[in-house]
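There are 2 protein chains.
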Amino acid sequence: MSSRILIEDATLVTMDENDGVIDSGNLLIEDNIIKSIFTAAEDTPGDVKVIPGEGKVVIPGLINLHNHAAMTLFRSYADDYPLMEWLTKKIFPAEARLTEADVYWGTSLALLEMIRGGTTTFVDMYYFMEQTARACQEGGIRAMLSQVFIGTEGCSEGFNTFEDAIKFIENWQGQDEGRIQTILGPHALYTCPPDFLKKVLKETEHLNTIIHIHLSESKFEVEESIKNFNKTPVALMDELGMFERQVIAGHCVHLNDEDIDILSKKGVGISHNPCSNLKLGNGIAPLQKLIDHGACVGLGTDGAASNNNLDMFEEIKLCSLLQKGTLEDPTAVPAKTAFELATRGGARALGMEGHLGVIREGAKADLAILDFKKPHLQPHNDPIANLVYSASASDVETVIVDGKILYNKGEFLTLDEERIYHEADKCAKKLRQ
Amino acid sequence: MSSRILIEDATLVTMDENDGVIDSGNLLIEDNIIKSIFTAAEDTPGDVKVIPGEGKVVIPGLINLHNHAAMTLFRSYADDYPLMEWLTKKIFPAEARLTEADVYWGTSLALLEMIRGGTTTFVDMYYFMEQTARACQEGGIRAMLSQVFIGTEGCSEGFNTFEDAIKFIENWQGQDEGRIQTILGPHALYTCPPDFLKKVLKETEHLNTIIHIHLSESKFEVEESIKNFNKTPVALMDELGMFERQVIAGHCVHLNDEDIDILSKKGVGISHNPCSNLKLGNGIAPLQKLIDHGACVGLGTDGAASNNNLDMFEEIKLCSLLQKGTLEDPTAVPAKTAFELATRGGARALGMEGHLGVIREGAKADLAILDFKKPHLQPHNDPIANLVYSASASDVETVIVDGKILYNKGEFLTLDEERIYHEADKCAKKLRQ
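Chains R and C supply the protein sequences, listed in that same order. Be aware that the first sequence starts at 1, since it is given in our numbering, and climbs by one per residue. Be aware that the second sequence starts at 1001, since it is given in our numbering, and climbs by one per residue.
Treat the hints as calculated values from the structure; they're not laboratory data. Wrong hints could be hidden among the right ones.
Straight-line distance between alpha carbons at most 27 Å, and here's what the computed DSSO-like set of lysine-lysine pairs gives [what the hints assert, rightly or not]:
1) R:K336 x C:K1231
2) C:K1409 x R:K56
3) C:K1049 x R:K336
4) C:K1373 x R:K409
5) C:K1373 x R:K404
6) C:K1430 x R:K56
Residues of chain C clear of chain R, computed beta-carbon distances all greater than 10 Å [what the hints assert, rightly or not]:
7) A1040
8) G1117
9) E1163
10) D1261
Stretch by stretch, here's where chain R covers chain C in the computed footprint (C-beta under 8 Å, at least three residues) [unchecked claim]:
11) 1058–1067
12) 1073–1087
13) 1279–1291
14) 1302–1309
15) 1389–1401
Note that beta-carbon positions come from the ideal geometry of N, C-alpha and C, so glycine has one too.
With these hints in hand, go ahead and build the complete structure from the sequences.
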């Protein structure tokens, strides 16, 4: 028998092309799909769980395009350091102490935070990815997971290899009723030389997976690429044929006009991570320009060590404000565009447009319900502007992924909150010593 | 008989010069004062209300240096417009319809939001300020209130005059056991010509109030000042003798080196409002430079029409991130400095250092207690970094002003939340027509 949930009489922010906001709408979920959306009273099936929607706003579940979930263990562990000191003296040594259990508990903590904040799909890149997958399986979230690997000696040695990454894909692709998708995670151009990437491309052709990579994050990275290869990282990726595959490129901060052109034409999925880019001193990506060129952009938080939270509402607000402020143009990245990035934009980058990041009949039932009866979400002037400029993760009251309720009114239905706090804290204590 | 509250076994983020963070500290409030802070077990008086502090972080109540509280009615009413169109076609016409009741209910809504978010003192500037004062009196918050006035014809005509502002000061100064302080609010240099400001200065000498004014917010304002007076707004204010009085200057975005020098030397209280400055396309103030020059800086949200919330935690995070990102220096405005701006910095700007914005014996009992048992505030790596880079207004669980609990675990003890939502929504509906 099918399981059914009816959200009754709520404001639906559909993000669908044709509609915008439906006031007093009803939304019926059947199994893992949005079955119907209607405004008039209809007979609803008897065996249905009803969620009263008065004063509530329903949005498509948010899509976090770039994360290192287990790094919640390093949240507020080392801030305000110069970048190289932060990496070499704080993060790399701590990561060298990482165990599989750390990644499991760190990811579990990230899942609590993401689910509670309305994120229903995330893209991850880290070590010991099978532990991340295990945690996701338990949590019930939708995840695109890449076991990171590098092609040079250096930074965090002794960790996962390209072969481990292939094995991870073979073992986990499509697990958990398809909620777990595996992708390929070469770390970055400065840790994966061109010949290595060519080999990676060739040997993974038959897998046809998305590639997830850091790209043009720092000035240093771009300068090194130009020095060594006489090309920007984006131009080099293009020359290597990487963009003939579906790519999600994290950051893309330092871009010239040719880069923007390449990224847009090749439909590269860009994860814009404004918070992390500021915090690490990397700068501000040319988001408005990318949008103007029709680039495929979504939003990401990056890991909690450089953010320090996984609140997608912060990224949504910040991506708009930064463009307005630096372009001295209050019309830049208006509210609806900013919210699109975290929903439809992310779905487009993942090749899932129409299925994720949208409320429409036939789409996956990945939804977040916000309680707007809060001082900062009153009065009722404009729900999308309120979502973008005033809401935060904590306004999310209910989260549904694939038709299952994962979080409701402070209660996690799939994860053991207390245990995760306890274990994650133990892991963090060990790692920071 | 004195009233006593004991916060037991909490993490105290004192922001005091000598201490930093006290783990497992106890804090005793007697009447409206922090009576004692101690770590060892002590005999506590019998007639004391105990607040268990395990897993909680106590901070000095936050100080919002620049607000137009009643503008919550215009939250998400008109976003993403060019500045002049926003003002002349949306805000000014709506403000021309404002009534005293609107200001009362709009302020009440702002009080709910500020109190719930840990703000215990705010500086305001708006019309019908006696209505703001009335709401503050009911809410029990600490407020520095200025009835705005202008010296030119134009923008919102028919509103309050300089004489009204004086009358407001005479009627309200020190009301509500001193929690309501009145200050003088000439709107800005571009609406108050030099001769008018001279008159204002002279005629208010005997009042010895702080002056609250918008200053160097937009490029346009600075260019006009140079065109008309051959001086930047800051240099002009200095020449007029305004800075011989205690001044709180809102914004201070567009400053040259001489301006920074004047502001620092004269100890002008600067309200840095990063969110609003970005949203209206005004840019990013040179915060790090101001700090390096020893300027007296605090933080403000500005009104909700240009933010769109009153969450001081957002300003704290943003002020740090913007400097790191634009200076390409992750060490800029470190966590403790950012948090100082919203506490000690604000107190210093108000001439209340040692009394507000700090947890120390003898200081006012204005406190916020945060619940850190939240996914985004775990693990326990660094409470100040968590406050700055990960917390939000919604993490505040209890708020105490002048020794009285105003908010506790979702419940407002002085304000009627439901009624305020209802009335504010009615006002907003009328105003946007």
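We went through each hint and held it up to the structure:
For the hint linking R:K336 to C:K1231, the alpha-carbon distance of about 41 Å lies beyond 27 Å, and the restraint is violated. Distance hint between C:K1409 and R:K56 is fulfilled; the C-alpha atoms sit about 21 Å from each other, no more than 27 Å. Annotation: proposed proximity of C:K1049 to R:K336 is violated, straight-line Cα distance about 48 Å (limit 27 Å). With a CA separation close to 15 Å, the supplied pair C:K1373 and R:K409 stays within the 27 Å bound.
Using a Cα cut-off of 27 Å, the hinted pair C:K1373 and R:K404 holds, with the two alpha carbons roughly 25 Å apart. Taken as a hint, the C:K1430 and R:K56 pair is honoured in the structure, with Cα atoms around 23 Å apart against an allowance of 27 Å. Annotated as non-interface, C:A1040 keeps its C-beta farther than 10 Å from every C-beta of chain R; the closest such distance is 25 Å. In this structure C:G1117 is not separated from chain R by more than 10 Å, as the shortest Cβ-Cβ distance comes to only about 8 Å.
Here C:E1163 stays apart from chain R, with its beta-carbon at least about 32 Å from theirs, past the 10 Å limit. In this structure C:D1261 is separated from chain R by more than 10 Å, as the shortest Cβ-Cβ distance comes to about 25 Å. Three residues within the 8 Å Cβ limit are the bar, and the region 1058–1067 of chain C against chain R gives 0, so the coverage statement is violated. Proximity of the region 1073–1087 of chain C to chain R, defined as three or more residues with a beta carbon under 8 Å from a beta carbon of that chain, is established by the 11 residues found.
With 6 residues having a beta carbon nearer than 8 Å to a beta carbon of chain R, the region 1279–1291 of chain C meets the requirement of three or more and the stated coverage holds. Restraint check on the region 1302–1309 of chain C versus chain R: 4 residues with Cβ-Cβ distances below 8 Å, three needed, restraint holds. Residues of the region 1389–1401 of chain C with a Cβ under 8 Å from some Cβ of chain R number 6, which satisfies the need for three, so the listed coverage holds.
The structure is inconsistent with the numbered hints 1, 3, 8 and 11, although it conforms to all the rest.
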